Amino acid sequence: MAKRIILGAVAVLLVIASAYASFYIAPEERTMGVIQRIFYFHVGSAWAGMDAFLVCFIANLLYVWRRQEKYDWLGVSSAEVGLVLTTVVLITGPIWAHPVWGIWWTWDARLTSTFVLWLLYVSYLLLRTLVEEQDRRALLSSLFGIFAFLDVPLVFGAIRWWRTQHPSPVIMGGQGSGLDPTMKKVFFFTVLAMNVFAGFLIVERYILEKLKHEVDILQREAEAQ
Amino acid sequence: MSLLSNTATLLGKELRTEFRSRELLTTTVVFILVVLILFSFAISPTAEESREFGPGLLWLAILFAASLMLQPCFLREQSNDTLSSLRLAVDDPFAIFLAKLVANTLFLLLTEILMLPLFAVFYNIPILPQLRYLLLVLLLGSLGISIAGTALSAISAQARMRELLLPLLLLPLLTPILVVSATVSVSLLEREPVVLWKGIGFLAIFDLVFLTALWLFGEYLLEE
Amino acid sequence: MKNLDSVFAAYIIGWGVFFLFYLTIAKRTSDLRTEIERLRALLPRGK
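Residue numbers (my numbering), protein chains in the order written: chain H, 0 to 224; chain Y, 35 to 258; chain R, 233 to 279.
This is chain H alone, in the form it adopts within the complex:
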């Protein structure tokens, strides 16, 4: 219990620190001005989301191999957290785009790929609601989760190649557009903070899943009387 509180506190502190750094330590970007500061939060969430989906992938593999329910709990927890993070990416993207480009959405490579990623994991969670039996649900969603994660690099690669064929406005000024060294440090610090925060959310969600299981067992014991 104490460990959870410490993790939560550390996560919150890191996040506050990274927000401070994003506003006061990072220099202002030349062309876009203050709006560019969304970048740290936006891309930080994106990377943390991908890490959450990576955790989900590993949990899925472990479940198929070991068939222990804790891996299924970890799978659904990390998928949900990843989805929440990805949702925030999709919300902050247009908020960034609109003042800069005057449009809410553009089929820019990263935003489009993120949207497909979002759809994949929404499908993962939807699949889970459509299979009632626990073990079967765990197995089927783990298998789909594995296929979905293997698809992710293919999605990003395909869409990036597609955009080189048909260029369109790039929202984030391209990843490799040379970040100033201070910006880089603030960025990686934000990535760290978002990852720790994601980890904290995954732990809390995992505990919820574990408790659900406990309630199920107790309910069945109570009915058996």
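Honestly, I wouldn't trust all of these hints.
[What the hints assert, rightly or not] Below 27 Å or equal to it, Euclidean Cα-Cα: the simulated DSSO-like pairs (lysine-lysine) are:
#1 H/Lys69 - H/Lys211
#2 H/Lys183 - H/Lys69
#3 H/Lys69 - H/Lys2
#4 R/Lys259 - H/Lys2
#5 R/Lys234 - H/Lys183
#6 H/Lys211 - R/Lys259
#7 R/Lys259 - H/Lys69
#8 H/Lys209 - H/Lys2
#9 H/Lys2 - H/Lys211
#10 R/Lys234 - H/Lys184
#11 H/Lys209 - R/Lys259
Hints in this document: simulated from the structure, not taken from any laboratory.
Keep in mind the model is a prediction, meaning the values are calculated, not measured.
We have chain H; now place chains Y and R onto it with these hints.
Relative to chain H, chains Y and R alone:
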């Protein structure tokens, strides 16, 4: 070698089952046709627009059609529980998948080839000059659709709302196929055609990745 | 500082989403804990 002979036998069964009634093929062809026509009504393309958007719309129609065509793949093994018999009949469960995905690829390809002349006429796009490259893209794309579709169809057959679930699972997963196949096709059918070998290579990689994944995890998809 | 409100909007909405997510988890967790206590209280009688 028993994998190949098992697969061949099962493939024969799949093909015979379909050609007996040909219902899958005919309905799929008609479906793609209807989708293409509806696109024209919705967009009213000019001749130039037809050339630009046509191939992409063709692939979209193929994807929709495939997500319907793949429904019966494992569903039909549920009545009379033929799936258990199949599993007993083969040493390697991968044979079942291999047979089904080859059959599905063939059905898709057949449908597409039947559609091509109609597509060329309706969208005013000459397809003969680049036919062999076009067929290559159709082959690799259809293979990708079948591999992923066969695997996912095994999953959705075991869930509720399977008619809606299969497209829901399949379409996001197949985004790379749609994007790349459409882009390569458009480029092939331009006034000055270009063969985008990188795209074709990408399709091959997609097929390889999912074929390997199916090989590794297929048996779990068929668990009781 | 013309776009500052967009930046704030992004941070507030983003963190709002995270906070809401955490709140739903926390609430469901505490509901389940009470449910577990209730069920545990029921059981020893039968044992």
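Consistency of the hints with the structure:
1. Between H/Lys69 and H/Lys211, the direct Cα distance comes to roughly 12 Å. Compliance with the 27 Å bound is thereby established for this hinted pair.
2. Distance restraint check for H/Lys183 and H/Lys69: the Cα-Cα separation of roughly 37 Å exceeds the 27 Å cut-off, and the hinted pair is therefore not satisfied.
3. Among the hinted pairs, H/Lys69 with H/Lys2 is consistent with the structure: their alpha-carbon atoms are about 19 Å apart, no more than 27 Å.
4. Of the pairs offered as hints, the one joining R/Lys259 and H/Lys2 holds, with about 20 Å between alpha carbons and a cut-off of 27 Å not exceeded.
5. Straight-line distance between C-alpha atoms of R/Lys234 and H/Lys183 comes to about 24 Å, which keeps the hinted pair within the 27 Å bound.
6. Between H/Lys211 and R/Lys259, the direct Cα distance comes to roughly 13 Å. Compliance with the 27 Å bound is thereby established for this hinted pair.
7. Between R/Lys259 and H/Lys69 the alpha-carbon distance is near 22 Å, which keeps this suggested pair within the 27 Å criterion.
8. Of the supplied pair hints, the one linking H/Lys209 and H/Lys2 holds, its CA atoms being roughly 17 Å apart against a limit of 27 Å.
9. Taking the CA atoms of H/Lys2 and H/Lys211, the gap is near 21 Å; set against the 27 Å cutoff, the hint holds.
10. Between the alpha carbons of R/Lys234 and H/Lys184 the distance comes to roughly 26 Å, so the proposed pair stays at or under 27 Å and holds.
11. Simply put, H/Lys209 and R/Lys259 have alpha-carbon atoms about 15 Å apart, close enough for the 27 Å limit, and the pair holds.
The structure fails to meet hint 2 from the earlier list, while all remaining hints are met.
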